[in-house]
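Chains as they are written, first to last, in our numbering: chain F, 1 to 334; chain W, 1 to 312; chain D, 1 to 322.
Treat the hints as calculated values from the structure; they're not laboratory data. Possibly wrong hints are sitting among the right ones.
Only some residues are given here: those of chain W computed to face chain F with a beta carbon under 7 Å [what the hints assert, rightly or not]: (1) Ser139; (2) Glu143; (3) Ile148; (4) Leu155; (5) Leu156; (6) Leu252.
Built from N, CA and C at the ideal position, the CB exists for glycine as well.
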Amino acid sequence: MGRYVLRRVLQGILTLFLVIFLLHLLTTFAIQLNGNPALAFFGDRVPTQAQLSAVSARFGLDDPCYNQLGNPCFGPFVNRLKDYLSGDFGTNLRGREITSIVATAAPNSFRLFLVVTATWLVVGMFLGSTAARRRGKVVDHGIRGFSVMIDALPVFVMLLVYRYVITVPVYTWAKKQFGSDSFIALLFKPSFDSDHPMITVIIPGILLGLAGSAAFIRLVRAAQLENYNSDHVRAARSKGLSERHVRVFHIVRNSSIPVATAVGIVFTEALAGAVITEGVMNIYGMGGLLWNAVRDSDVSLIIGIVTLLAIVTIVVMILVDLLYAALDPRIRYE
Amino acid sequence: MSDQTVQVLITEEQNPEEGRGGGSIWGDAFRTLRRRPEVIIAALVALFFLVVALFPKLFTSQDPQHCDIADSGIPPQGFGGAHPFGTDITGCDMLAGVVYGARPSLLLAFIVVGLSVLIGVTLGTLAGFYLGWVDTIISRAVEVFLVIPLLLAALLLLSLFHGAETSGVLGSILQPALVLTLFGWMGYTRYVRANVLETKNLDYVVAARVLGASDLRIMVRHVLPNAIGTVTALVPTAIAGVIGTEAVLAFLGIGVRPPAVSWGILISNGSERFAAGSQYLLLFPLGCLVLTVLAFVILGDALRDALDPKLK
Amino acid sequence: MTDLVVEFSTADGVVRAVDGLTYSVDAGRTLAIVGESGSGKSVSSLAVMGLLQSPPARIAGGSIRFNGTELLTMSRKQHRAYCGEHIGMVFQDALAALNPVYTVGWQLTEALRARHGFSRRQARTRAIELLDMVKVPAARQRVSEYPHQFSGGMRQRVMIAMALAMDPEVLIADEPTTALDVTVQAQIMTLLAEIQAERQMGLILITHDLGVVATVADQVTVMYAGRAVEQAPVLEAYGSPAHPYTKALLQSIPRLDRKGGELEVIPGRPPDLLAVPAGCPFHPRCERAEDVCRTGAPPPVVELPGGRSAACHFAQEVMTDA
Numbered sequence: 001m002g003r004y005v006l007r008r009v010l011q012g013i014l015t016l017f018l019v020i021f022l023l024h025l026l027t028t029f030a031i032q033l034n035g036n037p038a039l040a041f042f043g044d045r046v047p048t049q050a051q052l053s054a055v056s057a058r059f060g061l062d063d064p065c066y067n068q069l070g071n072p073c074f075g076p077f078v079n080r081l082k083d084y085l086s087g088d089f090g091t092n093l094r095g096r097e098i099t100s101i102v103a104t105a106a107p108n109s110f111r112l113f114l115v116v117t118a119t120w121l122v123v124g125m126f127l128g129s130t131a132a133r134r135r136g137k138v139v140d141h142g143i144r145g146f147s148v149m150i151d152a153l154p155v156f157v158m159l160l161v162y163r164y165v166i167t168v169p170v171y172t173w174a175k176k177q178f179g180s181d182s183f184i185a186l187l188f189k190p191s192f193d194s195d196h197p198m199i200t201v202i203i204p205g206i207l208l209g210l211a212g213s214a215a216f217i218r219l220v221r222a223a224q225l226e227n228y229n230s231d232h233v234r235a236a237r238s239k240g241l242s243e244r245h246v247r248v249f250h251i252v253r254n255s256s257i258p259v260a261t262a263v264g265i266v267f268t269e270a271l272a273g274a275v276i277t278e279g280v281m282n283i284y285g286m287g288g289l290l291w292n293a294v295r296d297s298d299v300s301l302i303i304g305i306v307t308l309l310a311i312v313t314i315v316v317m318i319l320v321d322l323l324y325a326a327l328d329p330r331i332r333y334e
Numbered sequence: 001m002s003d004q005t006v007q008v009l010i011t012e013e014q015n016p017e018e019g020r021g022g023g024s025i026w027g028d029a030f031r032t033l034r035r036r037p038e039v040i041i042a043a044l045v046a047l048f049f050l051v052v053a054l055f056p057k058l059f060t061s062q063d064p065q066h067c068d069i070a071d072s073g074i075p076p077q078g079f080g081g082a083h084p085f086g087t088d089i090t091g092c093d094m095l096a097g098v099v100y101g102a103r104p105s106l107l108l109a110f111i112v113v114g115l116s117v118l119i120g121v122t123l124g125t126l127a128g129f130y131l132g133w134v135d136t137i138i139s140r141a142v143e144v145f146l147v148i149p150l151l152l153a154a155l156l157l158l159s160l161f162h163g164a165e166t167s168g169v170l171g172s173i174l175q176p177a178l179v180l181t182l183f184g185w186m187g188y189t190r191y192v193r194a195n196v197l198e199t200k201n202l203d204y205v206v207a208a209r210v211l212g213a214s215d216l217r218i219m220v221r222h223v224l225p226n227a228i229g230t231v232t233a234l235v236p237t238a239i240a241g242v243i244g245t246e247a248v249l250a251f252l253g254i255g256v257r258p259p260a261v262s263w264g265i266l267i268s269n270g271s272e273r274f275a276a277g278s279q280y281l282l283l284f285p286l287g288c289l290v291l292t293v294l295a296f297v298i299l300g301d302a303l304r305d306a307l308d309p310k311l312k
Numbered sequence: 001m002t003d004l005v006v007e008f009s010t011a012d013g014v015v016r017a018v019d020g021l022t023y024s025v026d027a028g029r030t031l032a033i034v035g036e037s038g039s040g041k042s043v044s045s046l047a048v049m050g051l052l053q054s055p056p057a058r059i060a061g062g063s064i065r066f067n068g069t070e071l072l073t074m075s076r077k078q079h080r081a082y083c084g085e086h087i088g089m090v091f092q093d094a095l096a097a098l099n100p101v102y103t104v105g106w107q108l109t110e111a112l113r114a115r116h117g118f119s120r121r122q123a124r125t126r127a128i129e130l131l132d133m134v135k136v137p138a139a140r141q142r143v144s145e146y147p148h149q150f151s152g153g154m155r156q157r158v159m160i161a162m163a164l165a166m167d168p169e170v171l172i173a174d175e176p177t178t179a180l181d182v183t184v185q186a187q188i189m190t191l192l193a194e195i196q197a198e199r200q201m202g203l204i205l206i207t208h209d210l211g212v213v214a215t216v217a218d219q220v221t222v223m224y225a226g227r228a229v230e231q232a233p234v235l236e237a238y239g240s241p242a243h244p245y246t247k248a249l250l251q252s253i254p255r256l257d258r259k260g261g262e263l264e265v266i267p268g269r270p271p272d273l274l275a276v277p278a279g280c281p282f283h284p285r286c287e288r289a290e291d292v293c294r295t296g297a298p299p300p301v302v303e304l305p306g307g308r309s310a311a312c313h314f315a316q317e318v319m320t321d322a
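Let the sequences and hints guide you as you build the complete structure.
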């Protein structure tokens with residue numbers, strides 16, 4: 001077990017290194033093709049050469065390799081790695097430390113993901129298990145139709161409809177009925193409220209969680225069906241155990257293994273969804289920062305946040321692998 | 001059946017007149033599909049929007065770029081009037097916008113998915129077939145690319161290209177197409193690799209090898225046809241995904257860009273005007289997007305079923 | 001068990017997997033059920049335990065009694081609980097039948113903890129006891145290992161121990177040795193026979209291996225197409241089979257003492273249960289089939305001397321032929 005953990009962590013670090021290198025290569029080529037992103041600092045104004053080079057230097061874009069198409073810019077990459085290792089992820093266009101911006105925004109993203117995870121578990125597990133148990137019945141078909149409908153409504157569309165079509169009338173009504181600080185009014189508030197960070201992320205979180213739960217429903221159903229027909233479940237039943245006991249200890253427990261492996265993939269999708277959710281709903285989280293950074297063309301902030309999110313993803317993937325090993329003794333004793 | 005269904009779609013895209021005819025070649029596919037009415041409806045909806053994208057002139061005589069500010073903000077008039085879906089704030093005809101907006105959205109989706117499948121199938125086959133260092137490199141690359149979600153990569157790279165000049169429909173979708181493809185091939189690679197690993201030790205493949213068939217021939221003739229089935233089931237769902245992503249990118253101003261029109265751009269414009277009482281400006285393009293995505297998702301679901309009947 | 005009928009509804013129609021099967025087993029005795037795959041021998045045992053998936057399976061008739069208690073009128077829940085107490089079952093493929101995510105000890109005593117309120121410590125002691133009983137070496141250590149760490153033969157021993165955990169009065173072993181090496185097969189059979197003798201259990205041994213039957217069974221039931229075609233004490237059945245199918249089966253066993261002779265095979269294939277031939281289901285493959293075998297109802301079961309019976313129009317003749 002110890003060796004397995006160590007191996008996974010080392011692999012994760014290698015992947016992280018490669019991811020950072022990939023991001024570096026892609027941005028480098030984009031800059032070489034497209035010109036200095038420091039220009040965005042000046043907006044519509046045309047800077048003097050001196051101003052431009054000063055700003056370029058501040059963002060580490062003054063290396064001549066950025067003018068040579070095809071040069072992988074190893075020099076700036078090494079510098080950037082050193083910066084990352086010392087916890088320096090650069091500054092945004094206005095000169096604020098990205099790490100300090102992210103520190104204030106991350107808790108809100110965390111709140112959002114709390115709701116998202118709860119939705120996955122409740123909706124995905126519950127509907128997936130129900131569909132498996134009632135395979136081929138009306139309920140099964142209904143749940144399947146539901147998951148197809150979810151797939152057909154991208155998070156983006158769901159949120160737009162929610163924000164523009166649903167919240168406005170409901171919020172106005174709730175404000176009139178219960179007052180603007182009441183729970184119901186806040187719940188349906190069309191945009192994030194930093195005074196009530198938890199209440200105002202509940203519904204966006206549920207919508208985002210729903211989007212990912214379609215995959216969960218299918219996965220849980222498939223994994224449980226495989227177990228329903230397996231020999232070990234039949235053997236467990238032959239011991240005279242109650243159906244409920246068999247379901248909990250043999251079907252749900254065993255099907256949690258393939259479901260756990262999928263969490264990593266669903267998580268990266270949810271990360272992308274979080275950017276959209278936080279952007280559309282004005283939630284001040286990491287995704288919301290990224291969304292606004294894109295609107296302001298704040299490239300330095302974009303690179304910093306994408307890198308940080310990549311680190312988070314890798315950590316989650318390592319955790320998923322450890323969870324996998326904890327769930328499946330066959331992996332542990334390899 | 002699954003392969004045929006998608007081929008039906010692809011052929012329909014190229015020759016819509018033939019696709020509808022349901023000639024003898026497609027007879028089998030149609031007979032199988034007839035059992036599931038929702039699949040037929042979905043296929044018809046997808047087909048309809050493909051025709052719209054290919055021949056916008058059939059559906060509107062207006063030019064979406066030709067806007068008369070004097071006609072600004074006309075509400076929908078129904079199909080008798082000059083502007084059946086009304087006009088937007090600058091007087092552009094909404095029907096024309098929705099009709100012409102179909103092309104970039106769908107073209108982008110087909111290009112991205114087509115290229116991703118091509119790359120994914122090639123790399124997956126090589127990795128599964130040769131294993132060793134080829135597999136190490138490809139699998140490692142898949143892992144690295146998977147860490148960065150498609151949308152994040154698109155936001156990063158397209159922001160860097162923000163200032164670049166573009167022209168024409170193809171030019172305006174080239175950047176998003178490249179970026180989305182760059183981060184869209186991994187899923188197919190994984191599936192194909194796993195499938196090739198399974199297939200390559202089957203007796204008939206081993207037999208072909210013993211008989212001295214070349215690697216290329218074994219891959220193309222024996223291993224690939226098996227893997228294609230799995231990949232095919234992913235295609236319609238992936239198309240639906242790209243259509244949705246395009247809308248997000250356009251909303252942020254880094255996807256298909258004006259003056260070109262796409263559903264994403266219309267949705268972005270419409271949402272700004274929504275509160276001002278012009279709900280239809282958001283709802284028409286949004287409705288088209290949802291219908292198309294729904295159609296492709298249902299097709300994908302049916303294909304997945306056909307390929308993995310034990311889960312039914 | 002009397003006149004059991006089990007039907008499966010499939011996409012192509014209703015299949016009668018077991019058709020009027022009757023058998024019984026007494027404490028301390030071994031009944032072997034022999035037949036080709038698809039003859040309904042496993043299905044009938046699953047019906048006893050209440051383990052058939054329904055739908056598609058349906059018990060269409062008959063009765064199963066245990067010590068005078070009718071099982072089929074019970075609710076499924078009662079049925080399973082009752083069988084868990086009184087009947088143990090050993091499955092064919094121990095690797096698949098043991099849950100890979102729990103330790104062997106956990107699985108051995110799962111029912112004891114869930115239903116009899118054993119504490120962890122009691123359960124562990126009992127698990128070690130059970131492993132000792134089936135002669136797994138180093139039981140004290142192995143009790144906390146996982147199934148994948150056991151060899152095939154050891155896993156099958158664990159499987160047997162699991163079936164014995166509740167001290168059942170009857171043990172059903174469904175092809176317990178098919179998935180094993182020949183040498184290990186013999187060990188497992190010996191073990192089963194020993195345990196059965198020691199505890200005076202009833203043992204129902206389901207198999208297609210007639211060699212196994214000869215050494216351990218007292219009574220044999222030969223099944224074909226969902227019916228018992230012959231029931232007899234083992235020695236009699238082997239010495240003078242009363243049904244042509246039994247006879248053919250016996251002739252198809254390779255024998256060391258008849259060197260160089262050609263192995264006999266039963267011509268044709270097991271019948272498609274969707275289209276069982278009219279008359280005697282075995283007639284297309286039977287060497288002595290006559291017109292009476294080809295039409296009408298299947299031949300009735302004929303009682304023969306010595307507590308035997310056979311479903312053949314020519315049972316007497318077949319018996320004396322041999």
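For the hint on serine 139/W, does the least C-beta distance to chain F fall short of 7 Å?
-> violated, 11 Å
Go through the hint on glutamate 143/W and say holds or violated, using the shortest Cβ distance to chain F against 7 Å.
-> holds, 6 Å
Measuring from the C-beta of leucine 252/W to each C-beta in chain F, is the shortest one below 7 Å?
-> Leucine 252/W check passes; min Cβ-Cβ to chain F is 5 Å, inside 7 Å.
With a cut-off of 7 Å on the beta carbons, see whether isoleucine 148/W makes it to chain F.
-> holds, 6 Å
Are leucine 155/W and chain F close enough, Cβ to Cβ, to be under 7 Å, as the hint says?
-> Status holds, d = 5 Å.
Agreement of hint leucine 156/W with chain F interface, Cβ distance less than 7 Å = holds, 5 Å
Hint compliance for this structure: hint 1 alone is broken.
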